[in-house]
Amino acid sequence: MSYQGTTSDSGAVSWYLQRITGAILFFQVLFHFGVYHFVEGVANISYDLAIARLANPWWKTFEFSFLIFALYHGMNGIKMIIDDYVIVPGWRIAALTVLYTGIFAIFMLGAVAIIVIHKPVEY
Amino acid sequence: MYKWKGGMLSWILHRVSGIGLVIFLILHIEGMFSIAKGPEAFNKVIATYNTPLFKVLEIFLFAAIMFHAINGLRVILLDFASGSRYPKPLLYSTYIVTGIVFLIGAYFLLI
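Keeping their order, the protein sequence lines are chains A and B. Per our numbering, residue 7 is the first one in the first sequence, and the count goes up by one each step. Per our numbering, residue 1233 is the first one in the second sequence, and the count goes up by one each step.
In case anyone wonders, no lab produced these hints; they're calculated from the structure. Backbone N, C-alpha and C fix where the C-beta goes; we use that ideal spot for every residue, glycine too. Keep in mind that a hint or two might mislead.
If you want the ones that stay clear, here's a sample from chain A, every Cβ over 10 Å from chain B, calculated [as the list claims (entries may be wrong)]:
1) Val19
2) Ser20
3) Gly96
To spell it out: a stretch of chain B is covered by chain A in this simulated footprint if at least three of its residues, at any positions, have a beta carbon under 8 Å from a beta carbon of chain A; those stretches are [what the hints assert, rightly or not]:
4) 1244-1255
5) 1295-1305
6) 1312-1325
7) 1330-1336
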């Protein structure tokens, strides 16, 4: 069913990584959603709270690894769907280019927010 | 090829929820980037997240996350653990556990 292309990529590595990141994300997303939606509630989240979290190395590490695992897992999943349905090589390359560029751009936004921000903005 | 079998519906739901979660993830990261622009910009995004429309979307988000997470766990058990010996009970329990967790969670999100 999937595109039998000329690429040497058998998909085995991404197949394993999809399951490994999925297993990690199972716990990370439950923690993230549990803390922000059930324990605190979206109504109680503020700039001060977020800044305090990012000042803590443990939170920073969690948020940054969550960003990487979630974006990789999502990107890999969309790539599998593209491999299945976009079988014309030119369109496939175009779709993958849009995917990789877009994910890289959004990763940069997230990385800047998590890594750079560690104290309140001075005015 | 497209013969309707037991795992087919969950396969489709996994892909559909996955696409939805990727779209959400992109919008969410873009929204949270506002922390780099200062308190006003960030708190404005949070205020948007607290509107009634987003409260409804939160329920759908929760449903998509729970199905994708629990069904993903089933896929891992099928591939790496002894889940392939009990495919049917594993499939049914995916829907049952997702349903129970969703109903309990949705109750606490709405009160």
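Outcome of the hint check:
1. The Cβ of Val19(A) lies farther than 10 Å from every Cβ of chain B, with a closest approach of about 15 Å, so its non-interface assignment holds.
2. At roughly 14 Å from the closest C-beta of chain B, the C-beta of Ser20(A) stays outside 10 Å, upholding its exclusion from the interface.
3. The Cβ of Gly96(A) lies farther than 10 Å from every Cβ of chain B, with a closest approach of about 23 Å, so its non-interface assignment holds.
4. Residues of the stretch 1244-1255 of chain B lying with their CB closer than 8 Å to a CB of chain A number 5, which satisfies the three-residue condition for coverage.
5. Only residues whose C-beta sits within less than 8 Å of a C-beta in chain A count toward coverage, and the stretch 1295-1305 of chain B has 4 of them, enough to reach three; the restraint holds.
6. Counting residues of the stretch 1312-1325 of chain B whose beta-carbon sits less than 8 Å from any beta-carbon of chain A gives 1, not enough to reach three: the coverage restraint is violated.
7. Coverage of the stretch 1330-1336 of chain B by chain A is violated. Counting CB-CB distances below 8 Å, 0 residues qualify, and the rule asks for three or more.
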